[in-house]
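Trainee: Here are the chains, one letter per residue:
Number of protein chains: 6
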Amino acid sequence: MGTVPLLSDEEAAPEARAVFDDIRAKRQTDTVNNFWRALAHDPAQLASVWERVQQVMAPGALDPLTKELIYVAVSTVNGCSYCVHSHTAAARAKGLTPEMHGELLAVIAMAMQTNALVTALGVEADEHFKA
Amino acid sequence: MGTVPLLSDEEAAPEARAVFDDIRAKRQTDTVNNFWRALAHDPAQLASVWERVQQVMAPGALDPLTKELIYVAVSTVNGCSYCVHSHTAAARAKGLTPEMHGELLAVIAMAMQTNALVTALGVEADEHFKA
Amino acid sequence: MGTVPLLSDEEAAPEARAVFDDIRAKRQTDTVNNFWRALAHDPAQLASVWERVQQVMAPGALDPLTKELIYVAVSTVNGCSYCVHSHTAAARAKGLTPEMHGELLAVIAMAMQTNALVTALGVEADEHFKA
Amino acid sequence: MGTVPLLSDEEAAPEARAVFDDIRAKRQTDTVNNFWRALAHDPAQLASVWERVQQVMAPGALDPLTKELIYVAVSTVNGCSYCVHSHTAAARAKGLTPEMHGELLAVIAMAMQTNALVTALGVEADEHFKA
Amino acid sequence: MGTVPLLSDEEAAPEARAVFDDIRAKRQTDTVNNFWRALAHDPAQLASVWERVQQVMAPGALDPLTKELIYVAVSTVNGCSYCVHSHTAAARAKGLTPEMHGELLAVIAMAMQTNALVTALGVEADEHFKA
Amino acid sequence: MGTVPLLSDEEAAPEARAVFDDIRAKRQTDTVNNFWRALAHDPAQLASVWERVQQVMAPGALDPLTKELIYVAVSTVNGCSYCVHSHTAAARAKGLTPEMHGELLAVIAMAMQTNALVTALGVEADEHFKA
Numbered sequence: 001m002g003t004v005p006l007l008s009d010e011e012a013a014p015e016a017r018a019v020f021d022d023i024r025a026k027r028q029t030d031t032v033n034n035f036w037r038a039l040a041h042d043p044a045q046l047a048s049v050w051e052r053v054q055q056v057m058a059p060g061a062l063d064p065l066t067k068e069l070i071y072v073a074v075s076t077v078n079g080c081s082y083c084v085h086s087h088t089a090a091a092r093a094k095g096l097t098p099e100m101h102g103e104l105l106a107v108i109a110m111a112m113q114t115n116a117l118v119t120a121l122g123v124e125a126d127e128h129f130k131a
Numbered sequence: 001m002g003t004v005p006l007l008s009d010e011e012a013a014p015e016a017r018a019v020f021d022d023i024r025a026k027r028q029t030d031t032v033n034n035f036w037r038a039l040a041h042d043p044a045q046l047a048s049v050w051e052r053v054q055q056v057m058a059p060g061a062l063d064p065l066t067k068e069l070i071y072v073a074v075s076t077v078n079g080c081s082y083c084v085h086s087h088t089a090a091a092r093a094k095g096l097t098p099e100m101h102g103e104l105l106a107v108i109a110m111a112m113q114t115n116a117l118v119t120a121l122g123v124e125a126d127e128h129f130k131a
Numbered sequence: 001m002g003t004v005p006l007l008s009d010e011e012a013a014p015e016a017r018a019v020f021d022d023i024r025a026k027r028q029t030d031t032v033n034n035f036w037r038a039l040a041h042d043p044a045q046l047a048s049v050w051e052r053v054q055q056v057m058a059p060g061a062l063d064p065l066t067k068e069l070i071y072v073a074v075s076t077v078n079g080c081s082y083c084v085h086s087h088t089a090a091a092r093a094k095g096l097t098p099e100m101h102g103e104l105l106a107v108i109a110m111a112m113q114t115n116a117l118v119t120a121l122g123v124e125a126d127e128h129f130k131a
Numbered sequence: 001m002g003t004v005p006l007l008s009d010e011e012a013a014p015e016a017r018a019v020f021d022d023i024r025a026k027r028q029t030d031t032v033n034n035f036w037r038a039l040a041h042d043p044a045q046l047a048s049v050w051e052r053v054q055q056v057m058a059p060g061a062l063d064p065l066t067k068e069l070i071y072v073a074v075s076t077v078n079g080c081s082y083c084v085h086s087h088t089a090a091a092r093a094k095g096l097t098p099e100m101h102g103e104l105l106a107v108i109a110m111a112m113q114t115n116a117l118v119t120a121l122g123v124e125a126d127e128h129f130k131a
Numbered sequence: 001m002g003t004v005p006l007l008s009d010e011e012a013a014p015e016a017r018a019v020f021d022d023i024r025a026k027r028q029t030d031t032v033n034n035f036w037r038a039l040a041h042d043p044a045q046l047a048s049v050w051e052r053v054q055q056v057m058a059p060g061a062l063d064p065l066t067k068e069l070i071y072v073a074v075s076t077v078n079g080c081s082y083c084v085h086s087h088t089a090a091a092r093a094k095g096l097t098p099e100m101h102g103e104l105l106a107v108i109a110m111a112m113q114t115n116a117l118v119t120a121l122g123v124e125a126d127e128h129f130k131a
Numbered sequence: 001m002g003t004v005p006l007l008s009d010e011e012a013a014p015e016a017r018a019v020f021d022d023i024r025a026k027r028q029t030d031t032v033n034n035f036w037r038a039l040a041h042d043p044a045q046l047a048s049v050w051e052r053v054q055q056v057m058a059p060g061a062l063d064p065l066t067k068e069l070i071y072v073a074v075s076t077v078n079g080c081s082y083c084v085h086s087h088t089a090a091a092r093a094k095g096l097t098p099e100m101h102g103e104l105l106a107v108i109a110m111a112m113q114t115n116a117l118v119t120a121l122g123v124e125a126d127e128h129f130k131a
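Chains as they are written, first to last, in full-length UniProt numbering: chain D, 1 to 131; chain H, 1 to 131; chain S, 1 to 131; chain A, 1 to 131; chain W, 1 to 131; chain P, 1 to 131.
Honestly, I wouldn't trust all of these hints.
Note: identical chains are not told apart, hence a pair may lie in one copy or across any two.
Heads up, simulated DSSO-like pairs for lysine-lysine below, C-alpha to C-alpha not over 27 angstroms straight-line [claimed, not checked]:
1) 94 / 26
2) 130 / 94
3) 26 / 130
No wet-lab data here; the hints were simulated from the structure.
No experiment lies behind these values; they were computed from the predicted model shown.
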């Protein structure tokens with residue numbers, strides 16, 4: 001239920017179309033996901049997000065698969081099912097096995113539990129935290 | 001601002017005290033965090049959470065450090081500062097470097113952004129997602 | 001996937017039907033959105049929400065368009081896509097241009113980022129905040 | 001309860017110190033908030049966030065005060081009290097009156113209500129939304 | 001870290017002071033919580049919230065204690081520790097026992113888990129839900 | 001939009017199939033909801049969640065209907081519409097009347113409001129809370 005129409009290649013402004021083409025080149029696919037086509041109404045924002053995503057998700061001290069796991073976790077808590085879906089797919093493309101996926105879900109579920117217990121119990125910071 | 005008092009070793013019921021001692025043994029520390037001392041009012045819940053945490057956070061298809069990163073991510077989105085603090089400390093004990101920490105934060109921040117953009121744009125699932 | 005059926009004009013209790021008619025009159029439309037038709041199972045709550053919405057969203061120190069932008073922002077963070085959609089439409093009816101919409105999204109995205117960074121870093125209140 | 005120490009001017013790396021000085025110059029104040037001092041552990045991220053904040057919050061189709069109101073709304077829903085405080089202060093510096101502040105809070109509260117009612121009722125998208 | 005000062009009885013406008021006095025009378029206590037003193041900057045909002053709270057939390061098809069349990073649950077998920085604290089206290093005044101409190105926390109924790117699992121798994125509505 | 005396929009009885013591993021059969025027996029229905037069929041990819045997690053749900057939701061100091069109300073409240077705030085739907089149905093099976101449902105929604109909505117007001121006002125803990 002879009003609040004904006006998804007822009008086709010032809011409807012996108014040149015600056016946005018350039019980003020679509022870069023996505024195709026970098027991801028080695030002809031597909032440009034709906035997210036980018038919706039964001040294309042603001043070509044400057046589209047370009048900024050695309051650039052930042054490449055920087056942030058590149059191999060670094062953390063490997064790309066680990067970064068996708070974190071992305072899925074955040075998207076799950078925020079309830080963004082589109083994002084959960086697209087980043088789970090990305091994680092699979094980067095090596096996520098069913099066994100890893102099960103463990104990811106178990107950790108997310110565990111954290112959701114203890115986050116709520118801490119808040120409901122009003123647990124105060126341990127002295128050694130403040131050091 | 002606890003909704004329950006933190007139980008000392010002496011105040012805890014025997015079943016809860018046994019969990020405290022197991023935490024000390026398994027974590028090789030004399031410290032039992034405030035979280036466990038608050039949860040100790042319900043010894044069955046305390047035992048269940050402690051057992052499950054050990055299972056979920058053990059080395060598996062995902063390594064323990066990766067699991068802590070996911071835990072910090074979920075805790076951040078849920079706004080649980082106690083949990084963020086304790087799991088960041090745990091991550092450091094399992095090998096988190098400042099460089100990794102910066103990348104973790106950058107991924108969390110990126111995901112928060114795109115999760116919101118997807119929701120605000122009302123992006124619908126791509127056809128290829130449904131396959 | 002409603003948890004209650006949407007009530008038609010005929011199915012709604014008289015008190016609820018009166019609210020439907022007032023919505024039509026005030027909004028100068030024949031449409032009564034699904035939200036109101038779902039809420040109509042509790043005519044007192046329907047009447048209370050409708051009255052309060054009119055008070056809160058009326059022109060005041062903040063203009064109606066600004067109020068809709070705030071509404072979209074809250075709805076985005078809460079992940080309510082129905083609400084995002086209906087309030088984005090309302091914002092457009094009150095003067096939202098595509099340029100404004102892009103800026104609204106950019107601010108929401110920025111805030112999501114820095115909110116998470118603050119929590120993950122455990123930033124403590126500055127002294128000058130407490131004054 | 002920081003997960004990282006706040007960096008003083010002397011402790012910050014040159015790239016980070018340069019951002020501190022730019023904040024001072026642009027905001028015409030000697031104060032560099034704790035947020036920036038915590039983020040300074042990752043000078044590249046600090047620079048990126050500072051640059052983006054200036055772009056996003058600048059006068060545009062939406063004025064700076066309106067942008068701060070949106071920022072406060074997002075921060076409220078995310079439960080980031082540090083952010084609520086600092087952006088409410090920024091809003092006041094940009095012209096927020098007590099009357100406007102009351103209206104902002106009333107809209108946020110209203111949206112929180114209806115967001116939850118929509119979700120609890122499972123309200124489905126109106127046909128006219130899909131057009 | 002208030003964004004507004006807490007108003008004393010003397011500082012509050014007459015309309016707000018009247019609400020303070022009504023709170024004292026209805027709750028049979030001399031204490032007026034900080035929440036009301038902060039809200040008092042907007043006497044109309046204060047009056048509206050106080051009136052609605054009394055209606056919503058009164059005995060009805062659900063008893064007052066059950067209503068406080070729901071209030072604590074919502075406040076926990078929203079991470080509002082002030083609210084968790086004040087409504088847990090209210091629940092205790094209405095009959096909450098330690099055993100009930102433990103069960104409340106266990107249900108909240110369970111729901112947090114399964115909510116996240118559903119989102120991460122992208123579980124689609126069962127056919128029989130749509131009936 | 002599942003991130004995993006829903007497993008039929010035949011596709012599920014024996015340990016998962018045993019859980020399906022136990023669900024049928026305990027709930028006296030032939031239906032195994034999609035949630036369990038998605039979770040079945042991790043038979044150990046499926047078994048653990050099923051076991052815990054039965055313990056947590058059993059009659060205790062709180063009755064089963066009250067527990068479902070709490071579950072619906074948490075699911076609403078987390079925006080999990082699947083969970084809201086399935087637990088509202090469970091609540092109805094345990095005695096939820098339309099009148100109770102309306103009151104549940106009114107309490108959730110009230111709490112969402114005041115949670116946000118507290119955060120936006122930065123209300124600090126009352127002295128008597130700390131006692």
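Trainee: Taking the hints in turn, state whether each one holds.
Mentor: Hint check:
Taking CA atoms no more than 27 angstroms apart as the test, residue 94 paired with residue 26 passes inside one copy only; the shortest distance there is 15 angstroms, against 34 angstroms between copies. Taking CA atoms no more than 27 angstroms apart as the test, residue 130 paired with residue 94 passes between copies only; the shortest distance there is 20 angstroms, against 38 angstroms inside one copy. For a Cα distance limit of 27 angstroms, the shortest separation of residue 26 from residue 130 across copies, 23 angstroms, qualifies, whereas the shortest one inside one copy, 45 angstroms, does not.
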